[in-house]
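K.L.:
Using the sequences plus the hints, can you model the full thing?
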Amino acid sequence: VANATYLITGGLGALGLSIANWMVEQGAKYLLLTGRSGAKGKEEQVQQLIQAGATVKVVAADVANTDDVAKLLVEIKETMPALRGIVHAAGLLDDGLLLGQSWARFEQVMRPKVAGAWNLHTLTKDMALDFLVLFSSEASLLGSAGQANYAAGNAFLDGLAHYRQSLGLPALSINWGSWAEVGMATQVSEQQHARWRAQGIQLIPPKVGLSLMGRMLDMNGQVAVLPIDWSRFRKATPNRSLIADLGNAAPQGATKEETVADDFALRVREAPINNRLPLLIAHLQAEVAQIMGARQLPTPTQGLFDMGMDSLMAMELRNHLQSTLHITTPATLVLEYPTIEKLANHLLAEFFTVEPSEKVASHLAVPRESQRDREMREVIEQLSTEDLLAQLTSELTDY
Numbered sequence: 052v053a054n055a056t057y058l059i060t061g062g063l064g065a066l067g068l069s070i071a072n073w074m075v076e077q078g079a080k081y082l083l084l085t086g087r088s089g090a091k092g093k094e095e096q097v098q099q100l101i102q103a104g105a106t107v108k109v110v111a112a113d114v115a116n117t118d119d120v121a122k123l124l125v126e127i128k129e130t131m132p133a134l135r136g137i138v139h140a141a142g143l144l145d146d147g148l149l150l151g152q153s154w155a156r157f158e159q160v161m162r163p164k165v166a167g168a169w170n171l172h173t174l175t176k177d178m179a180l181d182f183l184v185l186f187s188s189e190a191s192l193l194g195s196a197g198q199a200n201y202a203a204g205n206a207f208l209d210g211l212a213h214y215r216q217s218l219g220l221p222a223l224s225i226n227w228g229s230w231a232e233v234g235m236a237t238q239v240s241e242q243q244h245a246r247w248r249a250q251g252i253q254l255i256p257p258k259v260g261l262s263l264m265g266r267m268l269d270m271n272g273q274v275a276v277l278p279i280d281w282s283r284f285r286k287a288t289p290n291r292s293l294i295a296d297l298g299n300a301a302p303q304g305a306t307k308e309e310t311v312a313d314d315f316a317l318r319v320r321e322a323p324i325n326n327r328l329p330l331l332i333a334h335l336q337a338e339v340a341q342i343m344g345a346r347q348l349p350t351p352t353q354g355l356f357d358m359g360m361d362s363l364m365a366m367e368l369r370n371h372l373q374s375t376l377h378i379t380t381p382a383t384l385v386l387e388y389p390t391i392e393k394l395a396n397h398l399l400a401e402f403f404t405v406e407p408s409e410k411v412a413s414h415l416a417v418p419r420e421s422q423r424d425r426e427m428r429e430v431i432e433q434l435s436t437e438d439l440l441a442q443l444t445s446e447l448t449d450y
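Heads up, the sequence shown is in my numbering, so the first residue is 52 and it goes up one at a time.
What the hints contain is simulated information worked out from the structure, not anything from laboratory work. One or more of the hints may lead you astray.
[To be verified] DSS-like mimics (lysine-lysine), calculated; alpha carbons at most 27 Å apart, straight line:
no. : residue 1 : residue 2
1   : K128      : K176
2   : K128      : K91
3   : K128      : K108
4   : K128      : K93
[To be verified] Label-pair distances were calculated between CB atoms; the ranges are:
no. : residue 1 : residue 2 : range
5   : G210      : D280      : 26 to 34 Å
6   : Q152      : Q253      : 57 to 65 Å
7   : N325      : S262      : 56 to 64 Å
8   : P278      : N325      : 38 to 46 Å
9   : N325      : V259      : 21 to 29 Å
Here a beta-carbon is modelled for each residue, glycine too, at the ideal position from N, C-alpha and C.
P.N.:
Right, here's the structure in full:
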């Protein structure tokens with residue numbers, strides 16, 4: 052609507068400015084853009100919006116601060132046309148394993164999502180808004196290693212959209228995948244991009260994302276926009292129950308034997324004893340290359356952490372191995388066996404010394420637990436939650 056004001060939080064970031072440009076292209080004439088630093092460094096982009104025919108106000112404000120949001124709304128009421136739409140795109144990242152997180156780090160990421168969205172809800176619930184679009188993330192829908200704080204904040208957005216819908220108020224939470232060029236994906240390494248590609252995750256071109264948002268402005272509730280090859284994603288992230296049925300159906304005509312024959316753990320156990328270690332090494336090389344986004348297979352004797360593997364990748368590797376090999380291992384598996392060669396020899400000794408003639412069905416039905424893991428589990432069961440967290444934190448810190 053031409054004679055209306057539209058508020059974009061996080062409006063001075065690359066994504067927020069892309070949204071602003073798109074709105075002006077659609078005919079919006081009045082925009083209020085907020086960011087904690089104001090227009091510093093963004094003067095040229097703001098001027099381009101003005102030259103395109105829009106009246107643009109930029110306000111340095113913390114959307115998580117109730118007083119700041121109240122002042123924004125007063126500014127609009129006194130100097131601009133009525134507020135008709137809000138896009139809440141404010142957010143930031145501070146990734147890390149949950150054990151390494153502090154409440155301060157958690158709160159820093161959650162504040163713009165949780166407090167910011169709640170302020171917008173409470174202070175505009177009596178206004179005649181056409182839309183309130185909450186920029187959520189796939190992290191709250193599918194999970195994302197090392198992003199518990201970010202996932203929690205976005206989960207609040209999802210819940211708030213449903214809550215407002217129950218009140219008869221407009222709100223749409225969009226669980227976006229990663230945006231190309233303008234989103235938070237621009238902050239991650241090329242290695243991470245390679246991992247995403249290996250998992251079948253694609254980036255959203257800004258023009259495509261904005262076009263889709265435009266088509267959804269009159270919707271309420273929750274929608275996901277995820278350009279993902281689900282078959283590849285499911286294979287790469289087998290422990291995510293939400294997508295357990297996606298890409299899981301065997302081709303018509305496939306026999307049970309053909310499906311089971313594709314199981315790597317079974318192939319290792321049925322292989323001659325001298326062939327099992329090479330099979331495990333090759334499997335580990337492929338897993339590590341995919342997780343680390345490496346273009347070449349790593350050498351078996353090269354230190355995984357010397358290659359650039361971090362704690363998140365180590366946990367991802369351990370989780371993949373538990374799924375593909377049908378085993379149970381300690382969280383410190385990769386820390387204790389930090390080369391492919393050492394890890395393969397450990398797996399062989401602990402889980403794959405059974406002769407091919409022995410029945411293997413039981414190994415596939417229930418993950419096999421080694422004697423060492425069983426003893427460790429018995430010790431862990433005697434510990435309190437506080438003791439367990441302290442020991443795990445010490446283990447990771449001392450490495």
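K.L.:
Give a verdict on every hint.
P.N.:
Results for each hint:
Proximity of K128 to K176 is assessed by CA-CA distance (about 15 Å); at most 27 Å being required, the pair is judged to hold. Distance check on the hinted pair: K128 and K91 sit about 25 Å apart at the alpha-carbon level, within 27 Å; holds. Restraint check for K128 and K108: the C-alpha separation of about 13 Å stays at or below 27 Å, so the hint holds. Between K128 and K93, the direct Cα distance comes to roughly 25 Å. Compliance with the 27 Å bound is thereby established for this hinted pair.
Judged by the Cβ atoms, the range 26 to 34 Å given for G210 and D280 holds: they are separated by roughly 29 Å. As the Cβ distance of Q152 to Q253 is approximately 29 Å, the hint placing it in 57 to 65 Å is violated. Hint check: N325 to S262, Cβ distance near 58 Å, so the stated range 56 to 64 Å holds. In this structure the supplied range 38 to 46 Å holds for P278 paired with N325, their Cβ-Cβ distance being about 44 Å.
Against the hinted window of 21 to 29 Å, the Cβ-Cβ separation of N325 and V259 comes to about 52 Å, which falls outside the hint.
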